[in-house]
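Engineer: Sequence:
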Amino acid sequence: MPKQPLGAQISQMLKERGVDTIFGIPGVHNVELYRGIEQAGITHVLARHEQGAGFMADGYARATGKPGVAYVITGPGLTNILTPLGQAYSDSVPVLAISSCLDEVAARRGQLHQMRDQRMAAETVCAWSEEARSASAAYALIDRAFDQFASARARPCHMQVSIETLGALADPAPQPPAARPGLPSASHSDVYDVVAAVLAAKKPLFVFGGGSVAAADAIPDLLRQTGAASIVTYAARGVVPADEPLYFGSYLARPDSAEITAQADLVIAVGTTLSEVDLWRPTLGHTAPMIRVDIDPEVFTGMGPEDRAILADAGAFLKAMTIAIPARTDTKPPKWDAASVARKRAAWRAEVDAERPGIVPVCDALRAVLPDDTMIYSDMTQFAYAAKEIWDMPRPGHWHHPYGFGTLGYALPAAIGGAVARPGLPTLAIAGDYGLQYTIQELGTAVELGLPLPILVWDNGKLGEIEDSMVRSQIAPNAVVARNPDFLALAKAYGAEAVQPDSLEALQQAMLAAFKADGPTVIRVTPAIAG
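In terms of this note's numbering, the sequence shown opens at residue 47 and continues consecutively.
Note that these hints are calculated values from the structure, not bench results.
Heads up, the beta-carbon is just placed ideally off N, CA and C, and yes, glycines get one too.
Hints should not be assumed to be uniformly reliable.
Beta-carbon label-pair distances, calculated as ranges [claimed, not checked]:
id, residue 1, residue 2, range
1, SER549, TRP326, 33 to 39 Å
2, MET349, LEU215, 50 to 56 Å
3, PRO218, ASP342, 33 to 39 Å
Restricting the straight-line Cα-Cα distance to at most 20 Å, the calculated cross-link-like pairs of lysine to aspartate or glutamate (EDC-like) are [unchecked claim]:
id, residue 1, residue 2
4, LYS390, ASP438
5, LYS49, GLU210
6, LYS508, GLU401
7, LYS365, ASP419
8, LYS61, ASP189
9, LYS248, ASP342
10, LYS365, GLU401
11, LYS365, GLU352
12, LYS249, ASP189
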């Protein structure tokens, strides 16, 4: 290919690396990035705010496993996308943000979009943030990001290129490498040692995290082969079938789940950081030795002398275990009492129903009619907090939530990214009345794209979780009620469909109709719907 401005060459390079969609907003400072998008055959999705573009890239990455890419401008464009990048960092999502930057900032002040240190601002929420001062550096940094996404715990990356450099003529990028580096793998001895330990244990307990999703097909066999019980983090819902008799569900954050882990004589934590947002308590609560399998050595900090750390891809390790277990077609006797497990799950479900009245019946009604391949994106809302515990997913990796960073406004734009990534497959956004307003302008993007996207708005007319927190803290509720718009009228103003079902049956019908619509449908639901 002949020389072209670097901005055009970057889009061509991304296409050659497998990128088919870019989310972003053009501006005077990054216009050169837009020169080559159509020529490269890449689809560009125009967000209404850079925060929306970042969440769309995140949602696309979670749906496909491929990196999500966003183009933003200098200064405010970058600062607007920092929240999505922080979310991607905490939830291990591969997102590459490419921004422009000013040519010179040390000797000149008062320039449009000028920041004191733009690169460093992005570094606070990314694995790395670097400036490319030449075409060769830009190409090297893009490949560095893709190598990192393929070989380590996924974290977002940011590359900035000066306005002058983006417009300068450049040779094409080098051809993509024949193969990317892979994730770390365990030795055969590690696999056999863990198998021996699990088979020798009297009450082994697996704790599966989001890193286990790739091994979902192997996990049921593994549990039957070992007679072990299991419990999962929110991100791992679906890796264990709901009808497994020794499955404790996704109730790991229940305070008394610590009593369950304390009963185990061996805990095997696979693909999970066991972070605060997984447990909502300082420790897991186990007293037995722990085996931890993870691709991130950072999670091994604080392990005890009897514990064992294995740096390996969780999915590959679990699959290797099922192969390494002798007589793998045999079913080992259960090492836990199935009736006790069932009673505990029922008790936890009742607790959730009592804590957040009205949500469980709505979840049950939706779960009964949603197609198994529905991909769900939820926001920080009481509806999602309850659903994450009681909603058993038929497939893993199909419910996405802003777990770690916990930002409001995630669901709608992330669901747009997910819907773009999976044309023809069902996608659902779930948001609260307050959080939806953070990014409701992205409804325009969904309408523009003609996405058959149902957007369930749980409208309790307040910041319900914050009000409950204030009451628990003996603080008179303050600043928790805000005037809401007429969500149905607002949706119609954007060109979307809008409906407010008056019963659970009507909700089911509205949801199924929304999947067949020619554009998005806002479905407003209030606690009164449960009766």
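Engineer: Does each hint fit the structure? Answer for all of them.
Structural biologist: Against the structure, the hints:
| no. | hint | in the structure |
| --- | --- | --- |
| 1 | SER549 - TRP326: 33 to 39 Å | 34 Å, holds |
| 2 | MET349 - LEU215: 50 to 56 Å | 54 Å, holds |
| 3 | PRO218 - ASP342: 33 to 39 Å | 35 Å, holds |
| 4 | LYS390 - ASP438 | 15 Å, holds |
| 5 | LYS49 - GLU210 | 16 Å, holds |
| 6 | LYS508 - GLU401 | 16 Å, holds |
| 7 | LYS365 - ASP419 | 23 Å, violated |
| 8 | LYS61 - ASP189 | 12 Å, holds |
| 9 | LYS248 - ASP342 | 29 Å, violated |
| 10 | LYS365 - GLU401 | 38 Å, violated |
| 11 | LYS365 - GLU352 | 25 Å, violated |
| 12 | LYS249 - ASP189 | 46 Å, violated |
Hints 7, 9, 10, 11 and 12 from the list above are not met by this structure, while the remaining hints are.
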